[in-house]
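Dock chain B against chain A, hints included.
As given, the protein sequences belong to chains A and B, one line each in that order. Residues in the first sequence are numbered consecutively from 1, following the working numbering. Residues in the second sequence are numbered consecutively from 330, following the working numbering.
Honestly, the hints are just simulated from the structure, not real lab data. Beta carbons: idealized from backbone N, C-alpha and C, even for Gly. Mixed in with the good hints there might be a few duds.
Okay, derived cross-link-like pairs now, BS3-like style, lysine-lysine, Cα gap no bigger than 27 Å in a straight line [stated by the list, open to error]:
#: 1; chain 1: A; residue 1: K240; chain 2: B; residue 2: K370
#: 2; chain 1: B; residue 1: K442; chain 2: A; residue 2: K41
#: 3; chain 1: B; residue 1: K370; chain 2: B; residue 2: K488
Away from chain A, derived, C-beta distances all over 10 Å, residues of chain B [as the list claims (entries may be wrong)]:
#: 4; residue: A365
#: 5; residue: S472
#: 6; residue: K491
#: 7; residue: R504
#: 8; residue: G562
#: 9; residue: K566
#: 10; residue: K595
#: 11; residue: F652
Pulled a few chain B residues facing chain A out of the computed Cβ check, cut under 7 Å [claimed, not checked]:
#: 12; residue: V475
#: 13; residue: L483
#: 14; residue: R531
2 protein chains.
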Amino acid sequence: MHIMKIADQLEDIAMPIAGDLRAFEEHFREAVRSDAALLDKITHYIVRRKGKKVRPMLVFLSARLFGEVRESVMVAASLVELLHTATLVHDDVVDSSFYRRGFFSVNALWGNKGAVLVGDYLLSRGLLLALDNHQYELLQVLSRAVRDMSEGELLQIKKARKLDITEDVYFQIIRQKTASLMAASCAAGALAAGANADEVERMRLFGEHIGVAFQIKDDLLDFGEEDTGKPKGIDIKEKKMTLPLIHTLGQVDGGEKKAMLRTIRKYNTDTARVAGLIDRVHELGGVRYAREKMREHQQRAVELLHTMPEGEARQSLERLVAFVVNRKK
Amino acid sequence: MHIMKIADQLEDIAMPIAGDLRAFEEHFREAVRSDAALLDKITHYIVRRKGKKVRPMLVFLSARLFGEVRESVMVAASLVELLHTATLVHDDVVDSSFYRRGFFSVNALWGNKGAVLVGDYLLSRGLLLALDNHQYELLQVLSRAVRDMSEGELLQIKKARKLDITEDVYFQIIRQKTASLMAASCAAGALAAGANADEVERMRLFGEHIGVAFQIKDDLLDFGEEDTGKPKGIDIKEKKMTLPLIHTLGQVDGGEKKAMLRTIRKYNTDTARVAGLIDRVHELGGVRYAREKMREHQQRAVELLHTMPEGEARQSLERLVAFVVNRKK
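For reference, chain A alone in the conformation it holds in the complex (with noise of 0.2 Å):
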């Protein structure tokens, strides 16, 4: 049942925004639609599939915490979502994904071909719609968090090949891949509603400060952190290096730290194995350190919030960060 909860929770949050989300759906159906049967198609398809669109949400209740949304918040939260599919959809040929959310992706039904140009497509169609409404700022914002992604994503994929990450790494490669779309859309929704270029980057790191909380609290669940059930080392088998494993690997001598690796190198989908990893990193801190290191963020997101304008708005965001990091998946 954690699934409803989650839901409801949002919809909870959501509630000073419920009237913006349900013309949000209109604008970005329009936003999105072609005269190419098969692209309609394909965004129809990609439409249907919508996730939390905790994106536009942040867009939303940052415009509100400054000013009513507008037409130009409205754009700006079409855009952020129309990028955000973007990169998802360029992310399943990346991944070799065949599946996001219990649907197919785009590049399993119709091949990386089709994945790749819509992508672009849907690129291309944001930015035709933030140069319509001559929203440039906006633009800036966003192609930045583009840059940084396929950066972030980048020099993962350098650095995922030796399993050498360092903390400081792993902290850029969120920081631009997961952290920097959350960060433009706070800015984004700042910038829409009038806020001043102060207030619009406080935002910006709101969000990046929320980003970065909600990827270690990802890294956090597949530990099975607290009473969040049994671990999972989905991670471990997918070799992908969290942040509880990182800081481990900084704490063992040359001759554990070798077989840690080798564990996750060669033996990653041996199940005895993994969870011996996970034990051991569960005592020797490595689960305890990350999650001081996402509550570091989540008091910084909390601290800069209470910078800006009290209100509905505030507390809604509020939530949400408290959310993000208490969800139990």
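Coordinates of chain B only, in the frame set by chain A:
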């Protein structure tokens, strides 16, 4: 010795903008530079295997029709080349190509992952370059080209599966897929040099006619048109529907059409059958028809050019049109 000849001819045509092209090299290298080591390595590799730079040539010559090559024109040329490079890198994934212009493709060396991400990165760099220079109209012109290219390529994928391409669809595909970036290059150069809206639109049309003529010429070369040597038939081997073939399919009766389509579908590697099909296309006037169509677009391009200010730049553009339709490879 064809390659030398082509290089010489282009160098000659580029004479009035030789200095611009040299300055461009440096500008472009700076535009793709990255702090991320892997990215810098890949983009460096891309820059080294540089092509004929037809698109920057179009930008500079179109600009010089109306004014000086100022910084904004340089930005336009770099943006065009960034988008062109990004789409080439993405096309490598789309086509699963492992070579391009005699080099290994990006996806052969760094995987589909690398290619998709590098393409996205280059797109975002192009965006930021234009935004940092406040060239919003320029960005609009080029975003439309990106949209058209992905739409055109998706249309081709859809139609190619069933080989059911009419002449109308053929022209729509090549206008969107091949001609749109050349059209945008001419429009971008004119725009950046200060041409008015009507001039920009006429230059866009001029570029579109060049692009369409360029693609038909490619089709013709595959059929060993005039004195260009033995037919290669590579397009038929790759089941690519070209204008001479499409026209011919419209001329024959149902039985022969079925037989021709069977050859393309099933016997596309059977050299004798392919040679027979090529002969029939010649006999039935498919090659002649395509040549006429090419000449029409050449003619339209030249007519548009004659409405532009006289001078060195216009002469070069007129010679470029002649080069496109008269080249032997």
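Flag every earlier hint the structure violates by its number, smallest first. Structure breaks hints 3, 4, 5 and 14.
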